[in-house]
Amino acid sequence: MQDRDLLEAVAARKDRAAFAELCRRYSSRFVNYFRVRSAKPEDVEELVQEVMLTVWMKAESYDPRVAAVSTWMFTIARNKAIDRFRKFARPEVEDNDPAYLPGSALAPDAAISLQRQVDDLRDAIAVLPADQAGVIRASYFEGRSMPEIAEQSHIPVGTVKSRMRLAMEALRRRLRSEEDERAS
Amino acid sequence: MNVRVEHHAPDELLLEYAAGASEQAVALVLACHATLCLGCRARIHELEAVGGALLELDPRAPTVNDQPTIERRVAAVLARADALDMSSDAPVAPTRLATTASTVLPAPLLRYTGPYEQLHWRKVLPGVHTVALPLRLRNTPVRLKRVKAGLRVPPHRHAGMELDLVLAGGLRDLSRGTQYERGDLQLSDREIAHELQTLAGEDCVVLSVNEARMQPLGLRSKLLHWLMGW
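As given, the protein sequences belong to chains X and Z, one line each in that order.
For reference, each letter of the first sequence is one residue, going 1 to 184 in the numbering used here.
For reference, each letter of the second sequence is one residue, going 185 to 414 in the numbering used here.
No wet-lab data here; the hints were simulated from the structure.
A virtual CB, placed ideally from N, CA and C, is assigned to each residue, including glycine.
Don't take every hint at face value.
Footprint (simulated), chain X over chain Z, 3 or more residues, beta carbon under 8 Å [what the hints assert, rightly or not]: (1) 194-204; (2) 218-227; (3) 341-347; (4) 372-379.
Work the whole structure out from these sequences, hints included.
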């Protein structure tokens, strides 16, 4: 079963077996995600459980046209990490905001292309040069800003920025060439 | 009100926001910008997918040894979910924002300021009012500024990054020849010295996030700066 089917089973009928399978697939990843920032195993376990509890409770709000399952899961863990380690609630776009500028209608096949996009990104990240992958990981998994990465690795902020830019260009190039290939 | 936002957030700031690495004040200005800008909102979603891909890339798949831990975890989470169900029949309503007639302030900002109509503006100069938010970047307070239409802001530079999000009226950068309207993000850094003028018509409202205080250039500018108590 795809992640998406599992999550939809949780959303539709609070399917406990589907939820257990999602935990099997994701909870060790969350352990690794939080372990980078917290040395205490009991704190890490608490955070992982909070993320999985949010997945259980908010499964209905998952929209496969907006994000792949792993992306949605990442945003839950990220917000939890900001709450805990940076001590603020992440300011977010709220789509019921009267000031919100509505976007164009979401395509029904968006879900498939979003999962493909994550697959392509995964392949592209795997072949990034180590220094570029390092800054991406420090940003996404350690939640470090560019000046913080610079300080930690004893390199100038400009170097961090240029590594970040090169990495993003490589990912973008890869996504575009995969799209072209599929189109042809 | 313009619909097409023309001045966007740079990619590295959007990446930090998507990754969860932004400072709170920067995250606030980006959330407000993305409320008004379709392009940057879409880009944030793309950059969040990098986070999803990184999670999927995690090299260590659970082994047989991990099974008991995972099963205990599932049981613990479901027990907590059941306890929550028991303790509250009705789902907890998300924190609601006070209703406001004005749409000048995007929701992420309203959570810090309260309704636009009830802001306590402080007059710092004729034609210039500000409200300090309970939020700082480095040591500089984040401010909402309301500047009378058609007013000139004397030349100055900043000792760090400046992010100004226009929420009403408009702003022209006389030094760079650029114009900013609702939703546009004006970005400067320590290399840029500029002179600004608000557009004619409506008063200009700006959410202003600075890494460091403004540095006035020229005697008149220095005097005004001193008068403003900045």
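Inset, instruction - Run the structure past the numbered hints and jot down the numbers of the failing ones, going up. - result: Violated: hints 3 and 4.
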